[in-house]
Structure formats: structure tokens, C-alpha cells
Amino acid sequence: MKRFQGQRADAASTEGEERRPGNDRPPAARDRRPRRPPSPTAPFATSDSPWRVRRRRIAGLGFHLLCALSAVVGVVALAVLLTEVFAEGLGELDIAFLTSFASRIPERAGIKGALAGSLWMLALTAAISFPLGVGAAIYLEEYAPKSWITRAIQTNIANLAGVPSIVYGLLGLALFVRMLALGRSVLAGALTLSLLILPVIILASQEAIRAVPDSIRQAAYGLGATRWQALRMQVLPMALPGILTGTILALSRAVGETAPLIMIGALSFVAFTPRGPLDQFTVLPLQIFNWVSRPQEEFRQLAAGAIIVLLAVLLLMNAAAILLRNRHQQRV
Amino acid sequence: MATTHNIDTRGSAPALEAHNLSVFYAANQAVKNVSLVVPTHKVVALIGPSGCGKSTLLRCFNRMNDLVLDARIEGEVLFHGQNLYDREIDPVEVRRRIGMVFQKPNPFPKSVYDNTAFGPRVQGYHGDMDALVEDSLRAAALWEEVSDRLGDSAYTLSGGQQQRLCIARTLAVKPEVVLMDEPASALDPVATQKIEDLIWELKQRYTIVIVTHNMQQAARISDYTAFLYMGELIEYGSTDTIFTNPTEERTEAYVTGRFG
Chain A
472 MKRFQGQRAD AASTEGEERR PGNDRPPAAR DRRPRRPPSP TAPFATSDSP WRVRRRRIAG
532 LGFHLLCALS AVVGVVALAV LLTEVFAEGL GELDIAFLTS FASRIPERAG IKGALAGSLW
592 MLALTAAISF PLGVGAAIYL EEYAPKSWIT RAIQTNIANL AGVPSIVYGL LGLALFVRML
652 ALGRSVLAGA LTLSLLILPV IILASQEAIR AVPDSIRQAA YGLGATRWQA LRMQVLPMAL
712 PGILTGTILA LSRAVGETAP LIMIGALSFV AFTPRGPLDQ FTVLPLQIFN WVSRPQEEFR
772 QLAAGAIIVL LAVLLLMNAA AILLRNRHQQ RV
Chain B
2 MATTHNIDTR GSAPALEAHN LSVFYAANQA VKNVSLVVPT HKVVALIGPS GCGKSTLLRC
62 FNRMNDLVLD ARIEGEVLFH GQNLYDREID PVEVRRRIGM VFQKPNPFPK SVYDNTAFGP
122 RVQGYHGDMD ALVEDSLRAA ALWEEVSDRL GDSAYTLSGG QQQRLCIART LAVKPEVVLM
182 DEPASALDPV ATQKIEDLIW ELKQRYTIVI VTHNMQQAAR ISDYTAFLYM GELIEYGSTD
242 TIFTNPTEER TEAYVTGRFG
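Protein chains in written order, with the numbering used here: chain A, 472 to 803; chain B, 2 to 261.
Misleading hints may appear alongside valid ones.
Claimed, not checked - Rough simulated footprint, nothing fancy, chain B against chain A, three-plus residues with beta-carbon under 8 Å:
no. : segment
1   : 684–692
2   : 699–707
Claimed, not checked - Label pairs and their in silico Cβ distance ranges:
no. : chain 1 : residue 1 : chain 2 : residue 2 : range
3   : A       : N630      : B       : R73       : 31 to 37 Å
4   : A       : S541      : B       : G160      : 43 to 49 Å
5   : A       : G736      : B       : A28       : 56 to 62 Å
6   : A       : Y610      : B       : L79       : 32 to 38 Å
7   : B       : E146      : A       : V634      : 52 to 58 Å
8   : A       : N630      : B       : E145      : 54 to 60 Å
9   : A       : A539      : B       : S159      : 44 to 50 Å
Claimed, not checked - Below, a sample of chain A positions facing chain B; criterion: calculated Cβ distance under 8 Å:
no. : residue
10  : K617
11  : G695
12  : A696
None of these hints come from the bench; they were simulated from the model. Glycine residues also receive a C-beta, built at the ideal position from the N, C-alpha and C atoms.
Generate the whole structure from the sequences, applying the supplied hints.
Structure (C-alpha cells):
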């Protein structure tokens, strides 16, 4: 407490200005200050007993430590997981692992079918969800009248982003596999995953479009640009890095999804690569699930190998997202 | 209401005429029954305290208020005798004939060249773009400073240069009227001086309507001055009259700094 008072005196003598940040007294009182002796109402003069001050400081320190601990738990858990996976799976990683199909015999098994399926899934999902998501975002931000309908749609999109993925799987099964009779095809899977990540893409794109200052639109309109020209030539180019970042992150979620694909009946043992969007397929997470559920130790190692490949794909995508974001920040 | 008009437009045809113009934002009336004539190749200054409706009035002249939700406009604005608010008039076409410069410099995050060429491009200009860009930058008194950095981002220019780039960009679409909404309020005195000199030059070829907070500026650069208060046009006349011998007491109070 003494220390506090000392600090206060120092501060008062060196600054001596009435415009000190944090001075929350009304202006009138501030103006009269120089004529007063050190005021008994000064914020530090009335502070609590030393014991209370110490208790407060301990509480603060405790909270600090608790937060640090939470952070450490997360990082350590991840580190343990990664070490385990790498210790088990690193031995599996070679060219043959990537170029062989799944097999009953562990020595011959690889992830060719699953990797190809995942890439197909990624490409189709991107092709479906990107235009739809960005289109919806543009409509909601730039065209939609601000009515209760728009607000209702907006609220629904935010809620849809939180719906469990298995529910999307059910929807995909009913709508795409059965009603549209697409079967257990790559296309049915991609459509289902597109539905799953659409809300995320829409929200991220809206955010990016909203971040473009209105003065840019005004400038474009003022120069005789139509709404579409202003959008295409100024607003969208400025929003694109943000839109792409959101899309990539959403896609990396789709690549890791398992439940909805099990739901629509994707295979877990596939000895071919899909030739077209209507072929049957499997994906990496399903392959991993399949291998892990077998009793033999060898298959668990295969699963670990596949996990490493899946992680590599995800890390690459996230890196791309971060790169895009950084480039965007530098430019603005 | 007794709006005083002692404006003598002999010798120059009207470029813009507002007749009984009112603007409503939702239930709030921002401009009240304003009528005024903007003579061709003159500078008209709109002055008045904050929130008096001068910017709103300015934005009526090229239908920028269309972009504001809930804005409703009554009355008419005549441009070559044609009401800009007629049903068959395309606001995009209006903005191609009547350009606008905004309060804060708002260049696009693109090169100096692309900023200047944007307007002509969206309007499908097919001539010599390099020449048009150079002419426009010269007209905005910016060419000497940027001729060797046309490819640089407009964001590398100073605030004053950015604002002159915005003027160049507006001139590139060859408008007849240039509307300016406090174009120098975000600039330092030197940059302001350059913009004012530029306005003086521009009025040889363009009709200019300028909103300004700065009464000295209005007095220096304008031929006519309109004083608005609470959405009403209180007095409109030659700048000399408004500043030295206004009819209305409120005008005198405002220009002498007694309120506002």
C-alpha cells in the first residue's frame, strides 16, 4: 500500500497534467485540482488493508496459473497423441502405403482407395459448397432487404452451423441417397458434406464482405458503376482472401468428417479408386475407423500411418488458409 | 417559409435545379422543401451546422441517397430540364453525368492507374486509356507527382494526393457536374490549399457543388453560397452577399461565428 501511494506521488509530480488517462473524475473537478492538496478521495488512498491486498494478489496469481494449466493440458494431450501416432505409424509410411489398396493382409494394405476418395470428396465438396456459400453470403450482405425474413434466415444459418454432423448424415441419406437415388456415391457424400459446411462458409464470407469498407462501394457507385460492377471489381476482390480462408477451414472440417459418411453408407473396404462422381468410395477417416476396429496390432499401425497422412492433408490446408490471411493483412 | 433567393443567374444556364425537394430518413425529415438553382460553370457552396442536411441535399443531386435504406425523396431535381427522379431515369446513368468526391479520400486498394481508369472501364470506354488517365491526373494537378509511380498502390500516396486522385478518378468519367462533400476536411492546410486551387481551376469546365464546414473556404472558392439550417434553406445568394450583407439574421449569426 505504501508503494502505491509512493507511485501516485511520483506520477502526480512528473505528469502534473489534468488529462491523465484513467482519471475518471468529471471535468469540472479536474479543472479545480491544482488548487487542492492531495485529495483524500484519490483512488489509491482509500484502498484496503495490506492483508486484503495480498489476498487479492494471490487470487490473481491463482487464476493466472489455472489458465496456464488449461493451456498446458491441451498442448500436452496433443503432444502425447502425436508422439504415439508417429511412433506407431511412421514405419508404415512409404510409397507402397500410398499406392496400395486396402487388403486383408496387413503387409500389403495401403490407403490408395481412401486417399483418392478423400481427394474426390474434397474437390466435389469444394465445387458445390464454394459457389453456393459465397452466393448466399453475397445475397444476404449486398442484395437482401433488411426484413424479418432476412433476419430469420440469418439466425437459421448461425444455428445450422451448430447442428451435429450425424444429423446431416441422416438428411443426406434420405435426400440424396434415397430420394435423388444417387446411391452411396461420391456425389451423395459430397452433397451431404456441402450441406454440413455451407453455414460455415456463408458466415465466413459474410464476415469478409462486411469488412470491406462502405466507402469503397460508395466510390464505385459514384463513378457510375452498377451494383454488379462494384461487387465484381471492388468488393469481391477485397473480400476474397477472407472468403477463401473461411472456405479452406470449412473444407478441412469436411475432410475429417466420418459420421455423416457412415450414415449415407460409404464403404469401409474399398479396393478401387472412384472413376466418377457416381462411384462408391471410402475416405481416410473411414479407413482409419475400419482399421482401428480390428483386433490385430498390424492394422492399428496402418491406422496410425493413415492418421499421419490425414493430418498432413489438414495441416497443408490450414497452412494455405494462414498464408492467404497473412497476405491479405499485409495488403490492407 | 421565407426563403430568400437573391441569386442572379443571368448569363449562365442552370445546371441543376432543385424544386421543393424534401428528403426523409424513416420518419425524420432531413431536407425540408428546398428549392435552389445551380448555375453552369460556377461553384456553389452549401454551408450550415452539422446535421443541417447539406450532405443529404448534395447526395440528392446524383441519387446517392438511393443507396440509403429508408430514404424517401419528394420534389424534383432538374438536370437539363429532366427530372433525375423520374421513373425511367437510371441512377447509374445519373452518376455517370454527375460525379462525386467524398469527405474522406477513398481510393480503391489498387494502383494509381487502375483507380483512375475504373470509371471509364465500367462505362465501357474504348479510347486511349493511357491518355485519358494522364489527362485526368493532370486535370487534378497530380500528374507531376505520380507520373513515375502509376503502378504503385494508391495507398502509398499521402492523404492530399489520395484526395486529388479521387478527384482525378471522378474527372476521368467526364462528368458535367462534380459534387464534393467536404473534400478537404480530412486534410492538412497545405493539401487543402491545393484542393482549393484545383477547384478554382476546375470551374472553367465543370459545375461544382461543394459542402463545406469551413466558412473561409466557402468564401474563398465559391461564387454562390447556400446556408442551410435544420433541413431548411435559409438563404441562398452570391457568396459576397451571404458573407457581407446577408438578409437573414440567422445567416449573419452563422457566418460571423455566433452559432453553429
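Hint by hint, here is what the structure shows:
1. 684–692: holds (count 8)
2. 699–707: holds (count 3)
3. A/N630 with B/R73: 31 to 37 Å: holds (35 Å)
4. A/S541 with B/G160: 43 to 49 Å: Given range 43 to 49 Å: holds, Cβ gap about 46 Å.
5. A/G736 with B/A28: 56 to 62 Å: holds (58 Å)
6. A/Y610 with B/L79: 32 to 38 Å: holds (36 Å)
7. B/E146 with A/V634: 52 to 58 Å: Since the Cβ atoms of B/E146 and A/V634 sit about 56 Å apart, the hinted range of 52 to 58 Å holds.
8. A/N630 with B/E145: 54 to 60 Å: holds (58 Å)
9. A/A539 with B/S159: 44 to 50 Å: holds (46 Å)
10. K617: holds (6 Å)
11. G695: holds (4 Å)
12. A696: Check passed: Cβ of A/A696 comes within 4 Å of chain B, closer than 8 Å.
Checked against the numbered hints listed earlier, the structure breaks none of them; every hint is satisfied.
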